[in-house]
Each structure stands twice: as C-alpha cells, then as structure tokens.
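Number of protein chains: 2
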Amino acid sequence: MISKSQISFIKSLHQKKIRKEQGLFIVEGLKSIQEFINSDYVVDSVYYTENLMPKLGNLSRNIKLHEISDAELSKITSLNSPQAIIALVRIPKQSNLNTKILNGSFLIALDGIQDPGNLGTIIRSADWFGINTIICSLDTAEAYNPKVVQASMGSLSRVNIIYTDLGKFLSLSSLPVYGAQLKGKSIYETDFGQEGIILLGNEGNGISNELQSRISYPITIPRYGNAESLNVAISASIFCSEIRRKS
Amino acid sequence: MISKSQISFIKSLHQKKIRKEQGLFIVEGLKSIQEFINSDYVVDSVYYTENLMPKLGNLSRNIKLHEISDAELSKITSLNSPQAIIALVRIPKQSNLNTKILNGSFLIALDGIQDPGNLGTIIRSADWFGINTIICSLDTAEAYNPKVVQASMGSLSRVNIIYTDLGKFLSLSSLPVYGAQLKGKSIYETDFGQEGIILLGNEGNGISNELQSRISYPITIPRYGNAESLNVAISASIFCSEIRRKS
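Chains as they are written, first to last, in my numbering: chain A, 44 to 290; chain B, 44 to 290.
To be clear, the hints were calculated from the coordinates, so they are not data collected in a lab. Do not take every clue at face value.
One copy or two, either will do: identical chains are not told apart, so a pair holds if it fits within one copy or between any two.
With a straight-line Cα cutoff of 30 Å, these simulated DSSO-like cross-link-like pairs (lysine-lysine) come out [what the hints assert, rightly or not]: (1) 226 to 98; (2) 74 to 226; (3) 190 to 118; (4) 107 to 60.
Start from the sequences and build out the full structure, keeping to the hints where you can.
If you want it as structure tokens, here you go:
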C-alpha cells in the first residue's frame with residue numbers, strides 16, 4: 044500500500060526534469076534491480092507485489108521496501124507489461140573525465156543519439172563486449188530515461204556513461220577516433236590496435252560537422268544489399284564485435 | 044480533406060485483425076513510401092499534407108491521392124512525430140515456399156520474435172547485408188505492424204518475409220542451420236560456406252525446444268564483458284556481418 048502522493052512522485056520520475064531535480068530514476072524487473080543492487084549504484088527503495096516477495100532475497104537494510112497491489116503497480120510502471128517490481132535508484136554523480144585514464148582501452152562516443160531504445164541497446168552491447176565507458180554528447184538521450192534503462196537490460200549498472208562537450212573531449216584525448224561513416228575504409232580491413240574511440244552519430248544526420256575533423260579514420264561497414272543505412276545500435280555493436288574479434 | 048469514416052478506417056489499420064481483413068497496411072514517411080512505390084508492392088492510396096505536395100513527384104495514376112490537414116494527419120498517424128505523408132499499401136500474397144529455390148543463399152529464420160522494433164531492425168540489417176528472405180515462425184511479430192514498418196526504414200519493400208511452420212520448413216530444407224546460442228562454436232571461427240539458415244530465437248527464451256534438434260551448428264558470439272545476452276536484432280546483424288566478411 045502506498046499513498047497517492049507516493050504514486051504521483053514515482054510517476055513524476057518518468058520526466059527527465061524531475062529525475063534531475065530528485066536525483067532518482069526508475070528500474071523495473073527483478074533481474075535488472077538485482078544487478079543495480081550488486082553494483083556501485085545506490086538503490087533507494089523497492090516497490091513489489093505480493094507474488095514477488097519470496098524472490099527478493101536479502102536486501103540491504105538501507106533499502107526502503109513497500110509492498111504494493113497490482114492496481115498500484117499499473118499506476119507507477121512505465122511498461123506495457125509491468126514486471127511486478129520497481130526500484131528507485133540514485134543517479135550517481137558523474138565521474139570526472141580523466142582522458143588519460145581511458146588510454147589503453149576502447150570506448151564508445153555518441154554524438155546526438157536520440158532514440159532511448161538505441162542508447163539502451165548500445166549500453167547492453169558495450170557491456171557484452173567489455174567496453175566499460177560511453178561518452179555522450181550533451182544532446183544525446185538521457186541514460187536514466189525508463190526506455191534506456193529497459194533496453195539496457197541491467198547493463199546500465201555496469202557501464203560508465205559520461206555526458207560532456209564531445210568536441211572538447213575529442214580534442215583533449217590522444218586516442219585514435221574511428222568514425223562510423225557511410226564512406227570510409229572497410230571495417231573488416233581495419234586494424235584497430237589496442238585502444239581507441241568508436242564515434243557514432245545521430246540516427247538521421249550522422250556525425251555532426253563540428254566533429255568530422257576529429258575523426259582519425261572514417262570506417263564503414265560494407266553494404267551488400269540495398270538498405271540506405273544501418274540502425275546506429277547495430278553499427279555500434281558490429282564495431283565492438285570487430286574490435287574484439289581482432290584483439 | 045478526408046471523411047470521418049476514412050479517418051476511422053485508417054486508424055483501424057493499426058490493428059492486426061483489421062489489416063488482415065482488409066489486406067492493407069500503413070507506411071509513413073516520404074522515403075519509405077517511395078521505396079514501396081518502386082517495389083513489387085501495390086500502393087493503394089497516399090494521404091499527404093500541403094507542404095509535401097512538391098516532393099511527391101510523378102505517381103502512378105492508380106494511386107489514390109488525398110490532401111489532408113495537419114489535424115487530420117495527427118488522427119491517422121501511428122508515430123509520435125508524424126512525417127506529413129501516409130500511404131496504404133496492399134499486403135502481398137505470401138509467395139509459395141520452395142525450399143529448393145533457397146539453396147545457394149543465406150536466409151534468416153526467426154523463432155517467435157515478439158518485439159516489432161526488433162523484427163523491423165532485422166529486416167533493415169538483412170537488406171543491408173543482401174539477405175533477401177526471412178522465414179518467420181507463425182508466432183513471430185507481424186511484419187505489417189506499423190512499428191515493424193517504421194523500424195525497417197523501407198527495407199520491408201525489398202526483403203521477402205514468409206510466415207510458416209518453422210519446424211516443418213527446417214525439416215524439409217537441406218541447408219545447414221546455424222543456431223544463435225549462448226553456447227556453441229565461436230562465430231569468429233565458423234566457416235559459413237556459401238549457403239545456410241541463420242536461426243534466431245525469442246527475446247526471452249531463445250530457440251524453442253522443438254527446433255533445437257534442427258540446429259546443425261550451435262554458434263555463439265563470444266562475450267568479453269558481463270551482459271547476460273545480446274539483443275536479438277544485434278545478434279542477427281552480427282551473424283550477417285560475419286557471413287559477408289567471410290564470403
């Protein structure tokens with residue numbers, strides 16, 4: 044049982060502005076919530092329906108627990124098929140961006156990715172391929188949007204997402220920048236070495252003009268058919284796959 | 044200007060049942076509609092707002108044209124940001140499935156893919172990598188769902204989608220079946236030869252027990268990090284990429 048004001052508070056966290064003000068975001072589903080509990084994130088509170096009680100296991104005493112009804116769940120969920128458990132998790136302070144720390148590894152840089160599903164899927168693929176840092180331009184979709192959290196399938200708890208002025212970041216970094224472009228060297232023939240930045244652009248417009256000059260190597264995924272382009276999450280994942288295949 | 048009954052007719056095509064009854068589906072956006080016009084599909088009618096008129100070009104006289112207002116557009120669209128033009132396109136008769144015709148090429152088989160965005164993205168990637176046929180189990184999402192059409196970005200006009208009893212199809216086909224599994228031979232070390240079926244399973248449950256025995260080679264995309272799985276459209280696309288890289 045939760046109060047009306049709690050319900051409207053949780054619902055308000057569907058909005059970016061309120062998430063920012065309150066420093067909280069919503070995670071849904073037992074598996075994802077467990078991954079956040081086992082991560083550096085701080086889980087503030089958990090709302091669960093009766094059936095889920097036995098599966099919850101031992102939770103830290105610092106997490107506030109609330110049993111709710113199915114009717115209450117349907118009011119606070121952002122999913123079409125809610126998963127019987129919702130957590131409020133603290134938005135972490137963004138870690139300071141030390142460009143030197145990132146040397147010797149691969150990272151992904153996103154220039155204006157708009158679709159939350161794409162961002163979440165990129166986070167999930169990065170986690171699969173062991174890429175732990177994603178640098179986002181300030182106009183990229185917000186990582187704590189419920190649709191991003193959902194599509195990341197728990198991987199958001201493990202991948203470091205940093206929002207920054209991407210042009211400035213790329214100008215300070217000494218890593219080679221591999222730009223995903225429609226024209227460039229074939230990804231299959233590219234030697235990525237042991238470190239670098241995979242730069243991907245906006246769904247409709249690609250990498251912005253401002254960042255084009257920061258690209259060290261324009262790289263393309265060769266086309267064998269007729270589609271005009273690939274989905275950006277697909278491109279990002281094929282880059283990750285090729286880098287790991289060669290490493 | 045369109046009538047109230049036309050508006051409710053078009054809106055009714057957001058439902059699978061009505062699409063099936065009427066044999067029509069909705070395509071939105073100028074680029075996608077032009078690709079359907081240039082394909083074997085039959086475009087029945089086009090609804091466009093004034094601004095789009097000059098871009099329409101020469102259309103076949105058989106296509107019924109309707110200029111509509113922005114207010115009317117907002118009533119019939121299935122998109123959050125409608126694109127000023129909507130077409131009704133005929134659902135084609137499903138081509139007969141001749142397993143022998145498919146020999147000598149690669150095709151994708153989908154076992155119970157539920158998410159329309161995933162199906163649309165798979166169609167787009169198949170088109171990019173020159174894979175022209177996708178065989179879907181009967182419980183896979185319907186290809187004429189507006190979300191599938193949208194995610195396919197026009198590629199639905201070029202890729203042949205066939206719904207059938209997948210177990211029966213695989214038992215009749217003589218092509219090797221490469222099953223995307225969490226355990227199996229590394230995709231990077233697999234020689235795919237010149238023909239085969241890439242079999243992908245449901246988002247939550249993978250390939251069904253019934254079809255497991257039809258897999259010739261269980262193949263995995265090696266994991267380098269901690270995510271539990273990859274999105275199915277990502278897996279499908281990495282399979283396509285690896286097949287083309289080696290061909």
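For this session: Go through the numbered hints given earlier and state which of them the structure violates, listing their numbers in rising order.
Result: none
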